[in-house]
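Q: What follows is the residue order along each chain.
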Amino acid sequence: MITHRPPEELLLGYAAGSLPEPIALTVAAHAALCPESAREIRRLEGIGGTLLDRLAPAALKADALDRALALLDREDVAPPRPIATAETRALLPAPVWPYIKGDLKNLVWRRRSADIDTAALIEDGGKRSAILLRVKGGRPVPRHTHRGLELTLVLTGAYCDAANCFERGDIQVADPTIDHQPIAQAGEDCICLIALEAPIWFTGPIGRLANPFVKL
Amino acid sequence: MVSAIATALSLSGAALPGVDTLRKAVIAPAEGASRPSGSSGDNRLERLIRAVATLRDRGAFAELFAYFAPRLKAFMLKGGADGDTAEDLAQEAMIQVWRRADSFDPGRAAASTWIYTIARNKRIDRLRRERRPAMSEEEYAAALGEPERADDAAERSQAETRIARSIDELPEDQAMVVKMAFYEGKSHSAIAAELHLPLGTVKSRIRLALTRLRGLIQDLDK
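Line by line, the protein sequences are chains A and B.
The working numbering puts the first residue of the first sequence at 1, with every later residue one more than the last.
The working numbering puts the first residue of the second sequence at 1, with every later residue one more than the last.
Looking at chain A on its own, in the form it has when it is part of the complex:
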C-alpha cells in the first residue's frame, strides 16, 4: 500500500517535461508502481494536450507535408527498449530498465561501508545523479542533510526515519531543511532509487569524517 506520494509540483513537472533527468526517472519509476500517481500524471498531460490543441498554428515550410510523407517508410533507427530479465522486472520499474540495458548484471555495486552499497544509474559531474542504494536490513544510513532536492523511492524492504516509514513504491522528498537518519527495517535489504540534485552532506560524527571519501 503506497502512502507516500510525490507532491503535485513534481507530478506537474513530469507531465510538463521540466524535471531534470534523475528526478524525472524517479517520478516515472514511482508512477509505474502507483496507479494513483499514474492517473494524476495522465490528467495533467490531458491539460498539456488541451493546451497544445489550442495553440495558434505556426506556418510550416512549403514542402513540409511532402517531406514527412517521404520519411514515413524510412526505418526506425531508435534502439528498441531493452528486454528486461525476470530478476530485473522483479526489482526495477520499467522506466529504469534502459539505464542498465535490462539486466541487473550491468549494475556496478560499490561498497560504501559494511552496511551500504551504491550503484550509479546517472552521473552528471556530481551535480545531479541517480543511484541505487542498498542498506542491510536493520542498519542505519549515516545521519545527513541535503544541499539540494533528494528523492528516495523504495524498491525492496522498508525504512523509517524519525517521522515516517516507507515501503515499496513510497517516495520521500527531502530538501535542505531536512536532517535525517533513515534506518532500514529488520529483514531483507532495503534497496532504494535515489535522485540527488546535489551531493548529500553527512552531519553525524562518523559521517562528517567520511564526507571527503563518500560522495554518493
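The set of hints was computed from the structure by calculation and includes no laboratory data.
We put the CB at the ideal spot given by N, CA and C, even for glycine.
There's no promise every hint is true.
[To be verified] Computed Cβ-Cβ distance ranges for the label pairs, DEER-style:
1. S166(B) <-> A90(A): 42 to 52 Å
2. K61(A) <-> A164(B): 27 to 37 Å
3. M176(B) <-> E75(A): 37 to 47 Å
4. A193(B) <-> D179(A): 24 to 34 Å
5. R44(B) <-> D66(A): 15 to 25 Å
6. S189(B) <-> K61(A): 33 to 43 Å
7. M1(A) <-> A28(B): 31 to 41 Å
8. L195(B) <-> A119(A): 33 to 43 Å
Please build the complex by placing chain B on the supplied structure of chain A, with the hints as guidance.
A: Just chain B, lined up with the frame of chain A:
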C-alpha cells in the same frame, strides 16, 4: 482484403482528393479552420490515428499532419526552439505518430494528449539533450490496471472541451503560469524568476489553477 484495398488507395496519397488542400493548410494554417468540427472532432482525430495504425493510411496521416504539425511547431517555438529546429521537431514528432500509432489507445488518452506526450518527449530529447525516462503507453497501461470503459473516450472529449473553456475562464495570472509550465517547460522556480514573483506565489497560482482544471476532469473520471 478491405485493408489491402484501403492501403493501395492511400499509397497513392498524392492523388487522393484533398491532399492538395491539406498541403495548403500546412503552409497557411488558419486557426481552428482545419479542426474537425463539432463534439465529434476528437473522435475524428482518434479514428485517423487508428487508420494510421491498422491500415497504414497515408491520407489519414496527411490529415493528422495538417491539423497537428502547425500546432507542434508552435509548441516547439514556445519552448524556445528557433524556426528550423521547431520545424524539425514537429516533423520528428509526426513521424513518431506514424511509427507508434499502434500504441495509441483512445480508451486511455485523447488524441491531443497522446500527441502532446510525444512532442514533450521530443523536446526533452533535443533541447535538453537528456535521455527521457518516460513511461511508454504500455507501461502506463500496466500501471493503470483495468482498462477504462468504452464510453470513456466520449466522456473524455467532453471533459477536454470543458477544460479548454475553463482555461479561458481562469484569472489571467493563473492561466499565465500554467501556460508557462506546459508550453515553455519551465519549473516553478524558473517561472518565479522570470515573472519576478516569490516562489510561493507561483506555487499557489499553479495550485489554484490545477485544482480548478483537475476538478473538471475528475467529474468525468469516476
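Q: Lying within 33 to 43 Å: is that true of the beta-carbon distance S189(B) to K61(A)?
A: Holds, at about 36 Å.
Q: Kindly confirm whether 37 to 47 Å is satisfied by the beta carbon distance between M176(B) and E75(A).
A: 43 Å, holds
Q: Between R44(B) and D66(A), is the Cβ distance one that fits in 15 to 25 Å?
A: 24 Å, holds
Q: When you take the CB atoms of K61(A) and A164(B), is the distance between them in 27 to 37 Å?
A: Between K61(A) and A164(B), where Cβ atoms are some 29 Å apart, the hint holds.
Q: Is 33 to 43 Å respected by the C-beta to C-beta distance linking L195(B) and A119(A)?
A: 40 Å, holds
Q: Does the hinted range 31 to 41 Å hold for M1(A) and A28(B) at CB?
A: 55 Å, violated
Q: For the pair S166(B) and A90(A), does the Cβ-Cβ distance stay inside 42 to 52 Å?
A: Given range 42 to 52 Å: holds, Cβ gap about 43 Å.
Q: Is the gap between the beta carbons of A193(B) and D179(A) within 24 to 34 Å?
A: Taking Cβ atoms as reference, A193(B) and D179(A) lie about 27 Å apart, which means the hint holds.
When the structure is compared with the earlier hints, a violation turns up for hint 7 alone.
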